[in-house]
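Asker: Since chain A is already given, all that's left is putting chain B on it; use the hints.
Residue numbers (the numbering used here), protein chains in the order written: chain A, 1 to 386; chain B, 1 to 269.
Treat the hints as calculated values from the structure; they're not laboratory data.
Think of the CB as a built atom: it goes at the ideal place given N, C-alpha and C, for glycine as much as any other residue.
Among the hints, erroneous ones may be present.
Calculated cross-link-like contacts (lysine-lysine; reagent style DSBU-like; alpha-carbon spacing at most 35 Å) [unchecked claim]:
| no. | chain 1 | residue 1 | chain 2 | residue 2 |
| --- | --- | --- | --- | --- |
| 1 | A | 344 | B | 173 |
| 2 | A | 159 | B | 112 |
| 3 | A | 344 | B | 244 |
Which chain A residues stay away from chain B? Per the calculated CB distances, all over 12 Å, these [said to hold, decoys possible]:
| no. | residue |
| --- | --- |
| 4 | 76 |
| 5 | 169 |
| 6 | 220 |
| 7 | 302 |
Label pairs and their calculated CB-CB ranges [to be verified]:
| no. | chain 1 | residue 1 | chain 2 | residue 2 | range |
| --- | --- | --- | --- | --- | --- |
| 8 | A | 286 | B | 188 | 45 to 51 Å |
| 9 | A | 259 | B | 182 | 55 to 61 Å |
| 10 | A | 318 | B | 110 | 53 to 59 Å |
| 11 | A | 282 | B | 110 | 32 to 38 Å |
| 12 | A | 262 | B | 110 | 24 to 30 Å |
| 13 | B | 183 | A | 262 | 31 to 37 Å |
| 14 | A | 288 | B | 207 | 26 to 32 Å |
| 15 | B | 182 | A | 138 | 50 to 56 Å |
| 16 | B | 188 | A | 114 | 32 to 38 Å |
| 17 | A | 286 | B | 183 | 29 to 35 Å |
| 18 | A | 120 | B | 209 | 27 to 33 Å |
| 19 | B | 83 | A | 304 | 54 to 60 Å |
| 20 | A | 280 | B | 111 | 23 to 29 Å |
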Amino acid sequence: MLQKAFTGGRNYWILLAVWSLLMFVGLLAYSQQLTEGLQITGMTRDVTWGLYISQFTFLVGVAASAVMVVLPYYLHNYKAFGKLVILGEFLAVSAVLMCMLFIFVDMGQPTRVVNVMLHPSPNSLMFWDMMALMGYLILNAVIGFVTFDAERKGAPSPKWIKPLIYLSIPWAVSIHTVTAFLYAGLEARPFWMTAILGPRFLASAFASGPSLLILLALILRKFTSFDPGKEAIQKLATIVVYAMVINVFFFGVELFTGLYSDMPHHVHHFQYMFLGLDGYGALRPWMWVGQVLTLGAVTLLLIPKIRRQEKYLVVLCVAVVTAIWIEKGLAMVVTGFIPSPLGKITEYSPTAPEIAITFGVYALGFFVLTVLYRIVLSVRERVQVT
Amino acid sequence: MDGSRRSFLKETGLAALGVGCSLPFVGSACATGSAQEDTHGDSGSESQWAMVVDIEKCLDENVRRACVEACHRAHNVPSIPEPENEVKWIWTEEFDTVFPDQVHAQTAPAVKHAPILILCNHCDRPPCVRVCPTQATWKREEDGIVMMDMHRCIGCRYCIAACPYGSRSFNWKDPQEFIEQDENGEYSSEYPARTKGVVEKCNFCAERLREGLQPACVEAANQVEGGAGALTFGNLNEPDSEVKQILGERHTITRRVGLGTGPNIYYIV
Numbered sequence: 001m002l003q004k005a006f007t008g009g010r011n012y013w014i015l016l017a018v019w020s021l022l023m024f025v026g027l028l029a030y031s032q033q034l035t036e037g038l039q040i041t042g043m044t045r046d047v048t049w050g051l052y053i054s055q056f057t058f059l060v061g062v063a064a065s066a067v068m069v070v071l072p073y074y075l076h077n078y079k080a081f082g083k084l085v086i087l088g089e090f091l092a093v094s095a096v097l098m099c100m101l102f103i104f105v106d107m108g109q110p111t112r113v114v115n116v117m118l119h120p121s122p123n124s125l126m127f128w129d130m131m132a133l134m135g136y137l138i139l140n141a142v143i144g145f146v147t148f149d150a151e152r153k154g155a156p157s158p159k160w161i162k163p164l165i166y167l168s169i170p171w172a173v174s175i176h177t178v179t180a181f182l183y184a185g186l187e188a189r190p191f192w193m194t195a196i197l198g199p200r201f202l203a204s205a206f207a208s209g210p211s212l213l214i215l216l217a218l219i220l221r222k223f224t225s226f227d228p229g230k231e232a233i234q235k236l237a238t239i240v241v242y243a244m245v246i247n248v249f250f251f252g253v254e255l256f257t258g259l260y261s262d263m264p265h266h267v268h269h270f271q272y273m274f275l276g277l278d279g280y281g282a283l284r285p286w287m288w289v290g291q292v293l294t295l296g297a298v299t300l301l302l303i304p305k306i307r308r309q310e311k312y313l314v315v316l317c318v319a320v321v322t323a324i325w326i327e328k329g330l331a332m333v334v335t336g337f338i339p340s341p342l343g344k345i346t347e348y349s350p351t352a353p354e355i356a357i358t359f360g361v362y363a364l365g366f367f368v369l370t371v372l373y374r375i376v377l378s379v380r381e382r383v384q385v386t
Numbered sequence: 001m002d003g004s005r006r007s008f009l010k011e012t013g014l015a016a017l018g019v020g021c022s023l024p025f026v027g028s029a030c031a032t033g034s035a036q037e038d039t040h041g042d043s044g045s046e047s048q049w050a051m052v053v054d055i056e057k058c059l060d061e062n063v064r065r066a067c068v069e070a071c072h073r074a075h076n077v078p079s080i081p082e083p084e085n086e087v088k089w090i091w092t093e094e095f096d097t098v099f100p101d102q103v104h105a106q107t108a109p110a111v112k113h114a115p116i117l118i119l120c121n122h123c124d125r126p127p128c129v130r131v132c133p134t135q136a137t138w139k140r141e142e143d144g145i146v147m148m149d150m151h152r153c154i155g156c157r158y159c160i161a162a163c164p165y166g167s168r169s170f171n172w173k174d175p176q177e178f179i180e181q182d183e184n185g186e187y188s189s190e191y192p193a194r195t196k197g198v199v200e201k202c203n204f205c206a207e208r209l210r211e212g213l214q215p216a217c218v219e220a221a222n223q224v225e226g227g228a229g230a231l232t233f234g235n236l237n238e239p240d241s242e243v244k245q246i247l248g249e250r251h252t253i254t255r256r257v258g259l260g261t262g263p264n265i266y267y268i269v
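Here chain A stands alone, though its shape is the one from the complex:
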């Protein structure tokens, strides 16, 4: 099956070359970071996590969202997702890989990363997050390959895979819950210390992940023989609408508690994001763009006539992914540090090498994704021919 990765048209190789180039640039920047230390990033004494940990947080959501195709297909026998399930599982594999790499590039002493295994610390959520992510990676890789191998042979999947598939459903929920707990358990950071953080993470994940899957499926349909089917895309769109509405509701709940109570240490963070605090407001334009995209997308997605037209759906999916990327991949982590526990406002903006490393990690994830999807397509094309 794996040799199928080496078959593909011109576009396939060009795509791989682009990812490789970005990976190479990222690697160059990372070697600079290895020699000079994390000073080459925009992170500082006060804002100690930045773009890397933000991308990690965003991508855990993308990974978890595979459950939105796995659950209907396997638990409710929803056949229309038949062709999409494998795409969802492989998207999860590539997203978890990126998550792990983003944690890795954020470390000050990457060579010591095995210390997390050598000195397991069950009181640390980071330990649990690592366990959850590794488990999820293995689950999705195994499930994906085994079920797809069966499909290739035209045989039913082996029985032993069923329990693993069922296990992967709560496991998907767990990876994003544990990731939220990573933040929500810190009394030092009132912005993160809210019980709604976990539910919000899940809601936004189940909106952004399926949106991304819709986009990927439509791209594949445009350039290859793959066709997910209209019904599958529309069902995913419905999932996106529900998740996005719940996400907006959760955000409103959080905003109410924070603002109505009017406690300064709650209000300050929101003030920083949306209005600017003491003259600092680097995130302000992003936040408002995010709000417009969120509300615009939710409103239009709710109208069936618009949602059902794929040309509009594509735009709305891009809006959803962008809005949630701004929320989680940009603002959520950094704002927790602003203001600092000592009341200082230090703004954060990523540096060029930091962005290069970030693109490099994404490129690696998309390289893996491209290869995995190529395998799926090649096998299916052959099955169709014979």
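Answerer: Positioned in the frame of chain A, the structure of chain B alone reads:
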């Protein structure tokens, strides 16, 4: 009463094979039990080092400078010029940022902006220890110092996110060229210099305590004119210790009591 509660905590800990109180949920349950009474200095450690800072005596800049310089020299703390990369073990911040719950709109400016020495609080229930994924930072059983193993630290900076006091510093760059050296290129202290990519903080001079010495900042303050008693260091579990006596007589506060971390740096107002 104090002792019996501590032994109760120990037994619960033992019952859970020694992990009981270190687990997130059980740990907080234990904490609630002890929070019903006075929590300060009740960390379950056999003894607990603590420091009392006399805010008034520390108003003198010479006193504060002596403390900071002595500490940073004793531990080869680098002097990094740009504030965003600074490494600090003990330093000065203004009263209103150190004690945000102790100021109000009418607080006199002199109080609001009074310079306060701050350092690691060596908390009874340190959040940094709770979150560390490698046990590179831990609360030392025998004397309650929050220790740091810079050789085990992976530099994930979770502890910095968790510390409500901003007491921890990360080495964003190689610190060694920013450490004071004499003409022979020797550092002023034998304390191991750090590498880039690890977190560090005040260790209550664990290396000096081992030799029976007082922490460097305390010693330095006492040597400055007018600085005697600016910082007092001692064991909270010894009824006759000087810190215990001061805490029994004077009005003292700790930072952000509401968080329940139980700081062991006390300030005489």
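Asker: Just pull the numbers of the violated hints for me, sorted ascending.
Answerer: 2, 13, 14 and 17
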